[in-house]
Amino acid sequence: MNIIQDEFQVQGGDFANVGTASTALKSSLEMIGIPSAIRRRVSIIAYEAEMNLVIHAGGGVIRYYVYPDRINIVAEDEGPGIPDIDLAMEEGYSTASDEIRELGFGAGMGLSNIKRNADTMEIRSEVGEGTVIDSVIFISG
Amino acid sequence: MSFGIKVQESRCAGCANCIQSCPTEAMRVIDGCVTIIEDLCIDCGECMRKCPHKAIVMNEDDWELIHSQEKVVLASDPVFYVQMNAYSSQSLIREALASWHVWDITEYMGLAFDLTAYSLANILENEDHQNLPLISTYCPAVLRLIETNFPELIGRIAPVDSPLEVGVAIWREVTGNTDSVTLLAPCPAKITLVHNPEGRESSNMQFTVSVGKLVRALLAGGPKVHASFPEVPNNRWLEWAIVGGESAHISNFSERKLSTISVSGMRNTMDLLKEMELGRLRGVDYIECRSCDLGCIGGIGNAESRFLSKMRLDHSKTNWDVGEEELRTIKEWHKTDIWKLKKELKPSQRAPLSEDLNEAMVKLKEMNRIYSELPQINCGSCGRPSCRALAEDIIRGQGEVNDCIFKIRENIQELGKEIVELSDRMPHTLKRKGS
Chain A
1 MNIIQDEFQV QGGDFANVGT ASTALKSSLE MIGIPSAIRR RVSIIAYEAE MNLVIHAGGG
61 VIRYYVYPDR INIVAEDEGP GIPDIDLAME EGYSTASDEI RELGFGAGMG LSNIKRNADT
121 MEIRSEVGEG TVIDSVIFIS G
Chain B
1 MSFGIKVQES RCAGCANCIQ SCPTEAMRVI DGCVTIIEDL CIDCGECMRK CPHKAIVMNE
61 DDWELIHSQE KVVLASDPVF YVQMNAYSSQ SLIREALASW HVWDITEYMG LAFDLTAYSL
121 ANILENEDHQ NLPLISTYCP AVLRLIETNF PELIGRIAPV DSPLEVGVAI WREVTGNTDS
181 VTLLAPCPAK ITLVHNPEGR ESSNMQFTVS VGKLVRALLA GGPKVHASFP EVPNNRWLEW
241 AIVGGESAHI SNFSERKLST ISVSGMRNTM DLLKEMELGR LRGVDYIECR SCDLGCIGGI
301 GNAESRFLSK MRLDHSKTNW DVGEEELRTI KEWHKTDIWK LKKELKPSQR APLSEDLNEA
361 MVKLKEMNRI YSELPQINCG SCGRPSCRAL AEDIIRGQGE VNDCIFKIRE NIQELGKEIV
421 ELSDRMPHTL KRKGS
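Chain order of the listed sequences is A and B.
So for the first sequence, my numbering puts the first residue at 1; every next one is plus one.
So for the second sequence, my numbering puts the first residue at 1; every next one is plus one.
Mixed in with the good hints, there may be bad ones.
Below, in silico cross-link-like pairs of lysine to any residue (SDA-like), each with a Cα-Cα straight-line distance of 25 Å or less [what the hints assert, rightly or not]:
id	chain 1	residue 1	chain 2	residue 2
1	B	343	A	70
2	B	363	A	70
3	B	54	B	14
4	A	115	B	275
5	B	365	A	63
What the hints contain is simulated information worked out from the structure, not anything from laboratory work.
When you get a sec, could you build the whole thing from the sequences and use the hints?
Printed below as a string of structure tokens:
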């Protein structure tokens with residue numbers, strides 16, 4: 001089947017390299033002529049997912065799959081997990097440390113930003129085991 | 001379109017300095033000479049800074065020829081007025097120019113920059129917060145960078161024209177003058193402003209000469225001045241020569257306190273636009289990006305050091321008080337459309353690998369495979385700025401794997417092994433040693 005896929009390891013606390021997966025994905029989508037509005041949504045999702053791995057999960061992996069009709073971004077980690085997903089989805093709710101907030105991150109917009117930009121979004125999380133955030137954007141037309 | 005720079009082929013050594021400095025990867029070295037992918041060139045002039053052979057130059061018009069006309073009308077970039085110690089004020093420079101029969105329409109420029117700043121302050125006050133920040137249109141290289149690399153931000157570009165254009169338009173309307181106008185440009189991007197403008201069909205100006213060319217001409221045994229010209233009271237517009245000056249000018253007209261970010265240099269500009277694209281600039285009203293270090297005073301076409309220009313600006317007193325009469329004039333012009341952008345901006349990107357999505361995906365996969373087999377050290381010997389660019393060119397049919405010297409070396413090694421193997425074969429009529 002015609003799929004383009006790639007995988008990016010993200011290190012916990014590595015703020016300097018955040019955006020690597022997002023930039024690579026965006027340029028791939030440009031090469032195959034995906035409209036810029038979709039590219040932007042995809043790169044925001046990838047960026048926020050990367051950010052979550054850096055801030056909360058102590059690192060993890062971002063995988064993306066481009067199908068002819070949709071783009072699937074999966075962020076997976078073995079971090080602390082999310083005890084209350086509904087609460088975590090609320091805008092402005094954040095468990096980020098003061099240190100991270102001082103860096104200008106951790107505003108509690110990450111998950112809601114992903115949800116806003118994705119067509120479907122699924123979170124699977126077990127406390128103490130890890131989290132998977134699976135989002136899909138459809139390529140219309 | 002690269003209207004702002006040109007390559008002097010006889011000087012090009014075919015080195016890889018320029019191709020790696022290009023922020024949009026618009027340059028290739030083919031057959032020992034650099035070529036430019038015109039759709040991607042933003043006229044920022046980074047390649048000119050990097051070229052050790054001065055093979056890339058500003059595509060300016062012939063000043064001698066322009067100067068030989070009976071009368072020359074000049075529209076100066078603000079940078080021009082902070083280049084020379086010998087001519088320390090607008091009036092002295094105007095006097096010097098006048099003795100050459102060159103007329104600078106400075107007073108209209110002062111008004112146009114006021115009008116642009118006033119209009120921007122007005123827009124920012126009334127715009128819904130959701131649609132902020134807006135992006136300055138002043139640096140033509142930044143506009144092109146957005147069109148090539150950040151097309152999603154086109155909608156955030158402030159709908160105002162370059163005050164340099166507005167100044168000439170006001171001058172034409174007030175005086176009814178139809179003479180040709182020459183823009184004094186500090187950089188290749190402002191040459192393109194005249195010869196292939198963004199946001200309007202055609203420019204109000206006809207020719208361009210670099211700021212450096214005229215400054216050197218003035219300083220080389222230039223005309224004597226007697227301070228007989230009246231002082232020009234409005235010097236607010238000169239602040240636009242340095243990064244942050246535009247924002248200060250807008251804030252000067254704004255009723256509310258504006259949150260603005262001003263950055264200069266290609267790296268800072270790219271980083272800020274990237275952050276904006278990711279939606280990270282909430283609460284910011286306006287961003288002012290200049291592709292050159294310190295702003296237009298860092299332009300490659302100037303004569304003076306950007307550091308000395310900055311010092312001169314820091315030392316000069318800017319008159320931020322807009323008189324009542326001045327404000328009335330600004331408001332009158334604001335009622336017209338003269339300050340508005342005339343035409344929508346359009347994305348300008350390299351075409352996808354194929355118009356058909358499925359085919360493009362197959363090609364992208366092939367491109368990724370080719371890339372994975374390249375050394376990925378971006379040495380530039382193949383004439384491309386990066387291994388990824390070579391992989392892309394190969395897929396587009398504009399290159400081959402053997403353009404890579406490391407791949408050639410591998411292939412020669414393979415060939416060598418084969419030769420050794422072949423040379424080891426013995427004719428059947430000869431006995432093998434040791435057998």
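Between residue 115(A) and residue 275(B), does the CA-CA distance stay at or below 25 Å? holds (19 Å)
Given the hint that residue 54(B) pairs with residue 14(B), does the C-alpha gap stay at or below 25 Å? Status holds; Cα separation ~12 Å.
For the pair we were handed, residue 363(B) and residue 70(A), check the Cα-Cα distance against 25 Å. holds (18 Å)
Is it true that the CA of residue 365(B) sits at most 25 Å from the CA of residue 63(A)? Satisfied, since the Cα-Cα distance of roughly 16 Å is no more than 25 Å.
With the threshold set at 25 Å, check whether the alpha-carbon distance from residue 343(B) to residue 70(A) stays at or below it. violated (34 Å)
Hint violations for this structure: number 1 only, all remaining hints satisfied.
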